[in-house]
Every structure is written in C-alpha cells, then in structure tokens.
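Enquirer: Sequence:
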Amino acid sequence: MSDVVEKTLTALPGLFDSQTGAAKITNRLRQLIKSITELTSKHEEENLIKQELSAMKEQVSSPNTTMKQMREIMVRAMYCEMLGYDASFTYIHAIKLAQQGSVLEKRVGYLAVSLFLNEGHELLLLLVNTVLKDLQSTNLIEACMALTVVAQVFPKDMIPAVLPLVEDKLSHSKEIIRRKAVLALYKFYLIAPNQVQHIHAKFRKALCDKDPGVMTSSLHIYLQLIRESPDSYKDLTDSFVTILKQVVGGKLPVDFNYHSVPAPWLQIQLLRILSLLGKEDQSTSELMYDVLDESLRRAEMNHNITYAILYECVKAVYTIHPKAELLEKAARCIGNFVLSPKINLKYLGLKALTYVVQHDAKLALQHQMTIIECLDHSDFTIKRETLELLFRITNAQNVTVIVEKMLDFLRSCNDEHTVIHLVGKVAELAEKFAPDNSWFIQTMNDVFSVGGDLLQQDVPNNFLRLLAEGTESKEEDDQLRLYAVASYLTVLKGHTSHLPQCFLQVMSWVLGEYAHLQESVDRCEVIRLLTQLLNQRSVSSETRVWILSALTKISEGHADLILDLAESLSSSQDTVLRQQAQELHHLSRDSQLHEWVLPRGTPWDATEVDSSLSFLDGFVSEALAAGAAPYKPPHQRREELCEDRALNLEPYSFSLPVSLSSCSITDRQSPTLLSVSSGLSGNSTELSQKAGSSTLILEGVKRVWGKDGYLPQKEATAPPVDEPSAAVQAPCQQEAAERAEPQPEPSTINQDKQQLASSLFVGLGVGSSMSLLGKSEAPPPRFRKKPRPHESSSSSSSGTSERSSEASSRSSRNTTDSFLYGSLLEEEPATSISAFDHTPKCTTANGLAAKEDKRANASQILGGDMVIVRPSTIQDKHLPPLSSDLSALLPADLKDLPRSDVISLTSDPSLSLSSCRLFRDEALLLVVFISNCTDTVVKDVAVELSAEELETVSLRGNVVDCLEAGSTSVCHYTLLMDDPQTSVSFTGTVSYQTQPGHTNTLPFSGTLSTADFIRPLVVSTEEYGKLWLSLSHDVKQNLKLLADAGDPLRTTLNALKDALRLHVVDIIGSEGIVACRLLGGAPCLLHCRVNGAALAVWLRSPHPALPDCILYHCQRALAQH
63 MSDVVEKTLT ALPGLFDSQT GAAKITNRLR QLIKSITELT SKHEEENLIK QELSAMKEQV
123 SSPNTTMKQM REIMVRAMYC EMLGYDASFT YIHAIKLAQQ GSVLEKRVGY LAVSLFLNEG
183 HELLLLLVNT VLKDLQSTNL IEACMALTVV AQVFPKDMIP AVLPLVEDKL SHSKEIIRRK
243 AVLALYKFYL IAPNQVQHIH AKFRKALCDK DPGVMTSSLH IYLQLIRESP DSYKDLTDSF
303 VTILKQVVGG KLPVDFNYHS VPAPWLQIQL LRILSLLGKE DQSTSELMYD VLDESLRRAE
363 MNHNITYAIL YECVKAVYTI HPKAELLEKA ARCIGNFVLS PKINLKYLGL KALTYVVQHD
423 AKLALQHQMT IIECLDHSDF TIKRETLELL FRITNAQNVT VIVEKMLDFL RSCNDEHTVI
483 HLVGKVAELA EKFAPDNSWF IQTMNDVFSV GGDLLQQDVP NNFLRLLAEG TESKEEDDQL
543 RLYAVASYLT VLKGHTSHLP QCFLQVMSWV LGEYAHLQES VDRCEVIRLL TQLLNQRSVS
603 SETRVWILSA LTKISEGHAD LILDLAESLS SSQDTVLRQQ AQELHHLSRD SQLHEWVLPR
663 GTPWDATEVD SSLSFLDGFV SEALAAGAAP YKPPHQRREE LCEDRALNLE PYSFSLPVSL
723 SSCSITDRQS PTLLSVSSGL SGNSTELSQK AGSSTLILEG VKRVWGKDGY LPQKEATAPP
783 VDEPSAAVQA PCQQEAAERA EPQPEPSTIN QDKQQLASSL FVGLGVGSSM SLLGKSEAPP
843 PRFRKKPRPH ESSSSSSSGT SERSSEASSR SSRNTTDSFL YGSLLEEEPA TSISAFDHTP
903 KCTTANGLAA KEDKRANASQ ILGGDMVIVR PSTIQDKHLP PLSSDLSALL PADLKDLPRS
963 DVISLTSDPS LSLSSCRLFR DEALLLVVFI SNCTDTVVKD VAVELSAEEL ETVSLRGNVV
1023 DCLEAGSTSV CHYTLLMDDP QTSVSFTGTV SYQTQPGHTN TLPFSGTLST ADFIRPLVVS
1083 TEEYGKLWLS LSHDVKQNLK LLADAGDPLR TTLNALKDAL RLHVVDIIGS EGIVACRLLG
1143 GAPCLLHCRV NGAALAVWLR SPHPALPDCI LYHCQRALAQ H
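For the sequence shown, the positions run 63 to 1183 when our numbering is used.
Take these hints with a grain of salt, some might be off.
[Stated by the list, open to error] In silico BS3-like cross-links for lysine-lysine, where the CA-CA straight-line distance does not exceed 25 Å:
#1 158 x 119
#2 296 x 195
#3 267 x 249
#4 341 x 385
#5 341 x 272
#6 307 x 341
#7 195 x 231
#8 445 x 487
#9 1102 x 231
#10 249 x 296
#11 341 x 296
If you're looking for bench data, these hints aren't it; they were derived computationally from the structure.
All chains, please: the whole structure from these sequences, using the hints.
Expert: Take a look at the structure:
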C-alpha cells in the first residue's frame, strides 16, 4: 500500500506544472492522503473528510482565494468525491475555473467538470459558451480540452450548439484535433444518430486520413454503423482489408505497437468489422480470406494480447462464409487454447468453442474429455463457461444429463447473477426438450427451489402459461396438470418454511386451478394444506394473496371450512388481503355467484378481458372534469421521478400556439397493456417492497474481506508455468506435446468420465437429430403451445420460449391491430390464372372455399388470392419485365392502393424478381413479382422472406406449384414495424425446380424505411393539444425551409405531407402542427415554426426512437426537394 501512496504523491505535482513552487501547492493534498492512509476505521475517515470539506468551503467562499489556491482546492475536492463524499459546493467553482483561469487552471477545471457533472446536470448550461469559445480558440490545448469535455458530458439537447464547430475540426491541420473531433462525433452518433446523418461522407474522409490515430478513431463509428446496416457498407470491404494488411505487416509507426504487437486493438476492431461484413456473403468473404490467414499466422508471440487477436480471428472465420483451410486452422487454434494448462487460455478456448459449436457442433466431440474435466475444475469461471458450452449442444438425447450438471452447479453457487442466468437456461431446456411430464415438473421444482426469489418473472409466468394454455393435445395437458397437482401436494405435506415465495405462489395457483382434476384427492385435504401454509409466519403478504385466491377457487361446497378463515382475515392490516377475505366470504356463501364468477373447467383463452378498462370511462371523465390529474404511463412517471428533464436550448419565443397551450384535458389515456400474471391469478405478481427491513443491502458488492482476513489469499493458486504459445505451436510441436503428455491409467474415474462423455455428447454425430439453438433444423419443442383463437398454426409453431410481455401486448391491441397481429394466414399454394380470364379457379386444396365468414372478411382486409397472369411479350428473358406491365398484374382489390414504383430485385436465366410497396392504412404490403423467363414450366416455386426488425402479419402466394412459361406470379407480404428503424433490410430466397430432383435457389434483398410505415393521424386541433401534453419523448431540430414560394411554411409542410404521408392539422400564422402515426399505433406530433430562414421543428411521441427516425426522413425529404 505504501508503494502505491508514494507513486501517487510523486505523480500528483505533474498535474499542475513543472515549476519549482509546484510541490508547495500540493502540501495540503499530500498531508490529506497521508492522514487517510494512517486511519484505522471508517468513522475516523468520515470525521477527517468532514473537516477537510469544511475548510475547503471556507476557502472557496473567501474573496482572497487565488486561482492557484482554487486549482489546489479542486484537486482535493476531486479526491474527496472519488472517496464517495459530497463536494457539490465546488461544482460551480469548477465551471468558473474552466471559464476564467489560464490554460493550467482550465485543464483542472475541465477535469473537475467531467468528473463532477453528468449529462443531465443543470450546471452544464453554464459551460456552453465557454466550450464554444474554446472550440474557436487557436490554442491547441484549449481546443483539445473543449472537445474532450464535449465527448464526455454534453447531452443530446446541447449537440446542435456545438456540432458545426466540431464538424469543422475534422479538417484541422493537427491530427490530435481531428482525432478528438471524430471521437466527439462518435459520442453524438450514440446518443443522437439523426443529428449526424448528414456528415457520413466526412466519416469516410476520416477513414482515409493520413494519421493512423484519426483512422483508428473512425473505426468506432463504422463498427456501430455496420452493426446496424452491414449491406450499406459492403463497398468499404476492400478498404478495411487493405488497412488490416498494413497493420499486420507492421507498416504503422512503432508508437502503435504493444509488446511488439502491431496495433493490437486496431486489429481487433478491424476483425470485428470484417466478420460483420462477410456474414452470409460469399463474394465479400472471399476478399478477406488472405488477410485472416495472415493474421492467424503472424500472431506468434506468447502474450495475452495475441491471444485476444487469435480469438477474434477465430470468431471471424466462423462468422463469414466458410473456407475449409481457415476452418481447420481456427479449429486447431481453439484446441490449443482448450488444452492449455493456463486458466486464462482455457477460458478463452471454452468461450471460442461455445461460439463456434453453433456453426459446427462436431467440433465439441474432439474435446470431450477436456470438457468433462472442466466440469470439475476448481476455477468458478471455467465451470460456468463449460456449462454455457453444454447448453449450446443440448438436444433431446442429452438434456437430462446436462440439466443435472447445471442444477448441481447452481446448488453450490453463491453468485446471484450466475444463478439468475443459469436457472433461465435450465427452464428453457426443460420446456424445449423434456422427455416426459414427471421429469419436466421435477426439474421446474428444482428451478424454483434453487433460483428462489432471484428468478426473473418470465420463468414462473411461462410455466403457468404453459399449464393454462396447454398444448395441441388435451390428454397430454391433463396428464401434465395432474402430475403437477400430485407433486405439489407431496411438497406441501413436508417442510415448507425453507421454500422460496415464488415457488409457493406457483404451487398455490396450480392447486387452485387444477386440484379438482385429481379425483382421488379430498378437497378438504387441499384446503387444510393451503390454510396451514397461509398461517406460516415465513409467508409474505403477496404469497398470502396467492394462497387466498387459490382457496377462493376451491371453496365451493366447503363454506364451513372457509368462513372462519375469511372472518379472521377480514380485520387484517393488509388492504389487499382484507379485500380478498371479503370476496372469499361472499363467494363461499353464494354458490351460484361462485359458479358464475369462477366457472370450473373454462378454457383460459376463453376469458374475455377488457384491457382498456372501458367500464371506468365515466368515472375517469368525472374525475378529470373535477380537476384530477390525467393518467401518466409508468415510464413517464419514472422519468419525472428519477431523471432531470433535459434543458431547453431553444429561444424563449419558441412555444406552442395559444390555441394549443390553452387546451384543457378532458379525456383520459386508457392503458393498453395487461399483465399476463394478473390474467392468470387475478392478482398482481410484481414484487412487493418489503417494508421494515433493516438488513444492510450488499447487492453487487464483492466480498473481499471476511472473518479470517483477505479471502482471495485463502485460495490455492497453482504456480505459473512458462510455456511457448500454445495457440501458435507448429503442428509437429503440437504432436510432440501430445505424445509427451502422460496418459492416465485406466481407472474407475476414467471410465466414469468416458461414460459421462458418451451421455453428454450423444446426438452430435453425423446424421443425428441434434438441435442447436438458433439452427433452423431444430426439432419442435415437446410442449408446443396451442394456438389461440386469433392465431394460426404458423404463429403457434414459432416456439414456446416467447416471453409473456409479447403475448400480453398483442392481446391489448384495438380491433384492427389485434386482427393484423393475430390472424397469420397459412402459406397457400397458388393456382394459375389465364391472362384472358382473371376469375380465380375454385379450389378446396388450401381450404379457401371452406372458410367461415370471418375468414372471408380477413381476405377482404389483407388482400385476395395470388394471381398469375401471362404477359403479352417479354423481349429479353434475362431482364425483368417493364414495371408498367407488372403493376397491371396486381389483384383487383390492390390496384387502387397508393404504391411505389416497381423495382428489380434480382434475376437469373430462369426467373426474374421485382417488387413494389403498397401503402394501406393498417399495414404495408410488399409485393414480389416472380416472372418465368424460360420457355418451359418452372415447378415448386417457393418464396421465403425474412426481416428481423419487422413482423410478417400475413403472406399470400408465396408457394406456386407450377409457373407456366412466360407467366408471372404475384405474392405479397403484409408487414408491420414495432420498433422504428431509420432503414430496415430484408433478405429472402426463391427456390424452384426446372428439372425433377434439381432445386435452384435465387437470393434477393432490399431495403425499407420508417417512411413506409408512417400513416396520417387525423385529429382536430383540440385533440392534438390533449395528445401533445400526454407524450414524453421529444426531439428539437432546425430543418430546411422551402423559401421559393409565396408561403414557405405551407409549401414546406405540403412537401413533407406528400413525401411522408403526414396530416397537416392546422397552420396558424408562422406556426403549423402536423400529426402522424406508426403502423401499430404509436403517434408522433410535430410542431413547426418559421425561425428566420429555417423551420424549427419540435417532435413528440410515446416511443423514444420514433421522433429521431421521422426527423431523419424529414431532413432527407427536404434535401431532395
């Protein structure tokens, strides 16, 4: 400890200057540090710091304090803040020091500001003018300090004030200024991407900067951009490959080397970028094969940084389009890592193996025994990563062994984050690969017991949802419920005081819902067990509510057992418990009312829930009219309570029109989401605050000191072993090492390990039915959820691991949106229609003729059947037909919709693909035209389209049994966007057969934007004012004003209306209000005002990302006008 103190004291004078008297200034700080290190208790430290803070407060208040003394006070204040004590009285003086001092004082002032203030602090406004002045300064140091503080603490609303000056610094003559400007723009992109969209060309200039530091800084921005949209930057692949070649070849200055490794962090960044660009793209991947091979070969040093480079190389090799030679070298590298005796390298090998088994599961077979040994390793992180690896290779044949290993690890694990992470994985595996009902229930019991109250809420919610909704077989559902009831009755007959509250709640709900199915169990016995559990002192108030709800459900016909309990609880101090007791009392005395309120055996999905609570509309209207506050969503309440609102940098004259600001609120905002758990139990399942607890909260605090001293010193550590780099050994050296490694003698332990390996790695061989997570060939889960009445079979097969929040949000849509989200139509084969007869042929193969009236209405809303027509002539069979011909082939119910131009997607000698977009009020239709360019029949045509950011509501005509020569098939996808994105890429393939048994595949891709999913929101001025006050997320920006007309404001708003399908609500003088909505329901309001030669726009929406996206498209629309 003394060495650290001495080094600190030696380095501190350099913070000020190199003058002779500098050491005298730091005497007070030196004395403070020495005094703190000599203390023996926390109490003594608190007293000392209080005295020091009092002395500093007197000094800063004195008018005789010089700048040098203020500088020294700032350093002492920073030290006190770093120890966790409040020195907020010095914040304003830190800003003054940055404003008024010399360069040295400015440096300390800016440093204090960056440490003291966060992005939402109100004092940052006082720093804006100082930063603007320093950014324009010719002093290099002042400009650097200003750029640094801008990148660290400036919030989103202050970016427009400094963005032009930071942008100008990209062309500065000094490389350090350019580098800091790029990093500042990177921070701007992270917090407000729409505000730097117009300078992407300058990012490319920074990538080609002659200074390697500036180029390295630009890679941070490009890594983020490529993660979001890799297809937009494919053209830069050659540039990134060239840069990596130069770095690997040692062409950069020696200053960039680290332990003789050329620019290792730059190599890691470039490898991550290349892996994103080459993913699922063979032509792009071929450009980087050589440089990846060179990177693997040149990492020859035995140092941790080279291992990091090798790890990124391995990930890149397995991410891009595969090449056999590179895969072999990467596999050899992983093997050397895994077999290394060094714990760090072994962990790195396991992490790499965990990543690559998703692409090549058989690679795990090569290291079976090593993985088995890692399960018993003394290091905690090695065990945890090994279990993560086993999770990736789990299938229906080895699930029991792997889950058992995970549960054994969890029983001895004390790390809360690891427990939360692993119990979720165990529950997922149990639901996906359960061999039988008894194993599934027993495993979930272990999950609830081991995970306890640390469980994420979706784990019990999904379990209860599975029991409630059931699967596709009613017989299997009843067997599962019967086994659950029998299991929980057995548990309740034992000791229950040690069971977690979450487990008790699950048992209570199951017994309340399904105890009547167990005919051999006496209902009185169930009531007795639940009553006994209710009276335990260890049971929380929330769990008592669950138990009382279960007793209410099974109390019919047993009023004598229930009335005494209800009367005893009717005087409880818990309001919810008292209400439940009153309900129990009334229902137990009236059997007809009980049967009507809680009907037995009613399907869970048959219960009608009014998620908007419309029966309270009258009450709410009266309350609002009487002066009550309007409803605020939870996220808005949290923001107002926990976060300071951002400062408004607009002029005071920028305000709402009088007609809007004076509007009164006479309506309410109905809640649209309903908790899944509340629908199951009738009670809230949110974790209640445990009042009266005096226990010290140590969550997230690492336990370092214990009763016997410093805990890490108690761990036995193996002496370090010097070895050559295992990851880069030559093949001959590797073989020699393997021969030299002593082989264990045959023993019982070795046989047990081999037997365990055969159980763990079963199903990973060739031709097995292994199920890798994320692989399309995964078998269906054991418990396939039954589709709801508003869902089709295609939506129900998407997997049982859907979270409850997604399902609950879907159930709360309005009529049109719930239909769009729920009525997924099955893929239906198409029938050809002659060019001279546009009447569809009658068919019952796909069930169209046998649909009910409701399905007929769905066809009217979502589009008609697929139509195939024969165009008159096709002049060039290798080119797509003319757009005018293709647009005429649309079905009759789609021809009148507004649409985009028809564009070509791709083509080959047999087929050509084109597309256009149709804009409906409730959805976007993506129409794909498939044209047969040959003189022969094309059979078994199937279109597959995927877009992760979009939701495919319905599809029609994507399967064609027979496509005649020269004909064109039309299929369309109905798409919705839940989360706004500036642009969204979709990819797809068309498979077809020109010869029997020979299938061809034609890939295609395209891009959609938020503008395609924007629709007008028709509201009145009064409704606009009410809605404006209820929205929380806002963005402000100046836009281009179209001044080449008599009325610039009206011209500009009409241009935006035509380009983005907005609704201009009203124009009052120099101000206008505009409204629109995202498909799916999220509104966005725009308040526009003429501000000189610009249009000041203020956007508000309940969705945090929607204003940024709309603002970006407004900028583009006006720039192209």
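Enquirer: For every hint, state whether the structure bears it out.
Expert: Results of checking the hints against the structure:
no. : hint       : in the structure
1   : 158 x 119  : 15 Å, holds
2   : 296 x 195  : 40 Å, violated
3   : 267 x 249  : 18 Å, holds
4   : 341 x 385  : 13 Å, holds
5   : 341 x 272  : 29 Å, violated
6   : 307 x 341  : 20 Å, holds
7   : 195 x 231  : 14 Å, holds
8   : 445 x 487  : 15 Å, holds
9   : 1102 x 231 : 24 Å, holds
10  : 249 x 296  : 24 Å, holds
11  : 341 x 296  : 11 Å, holds
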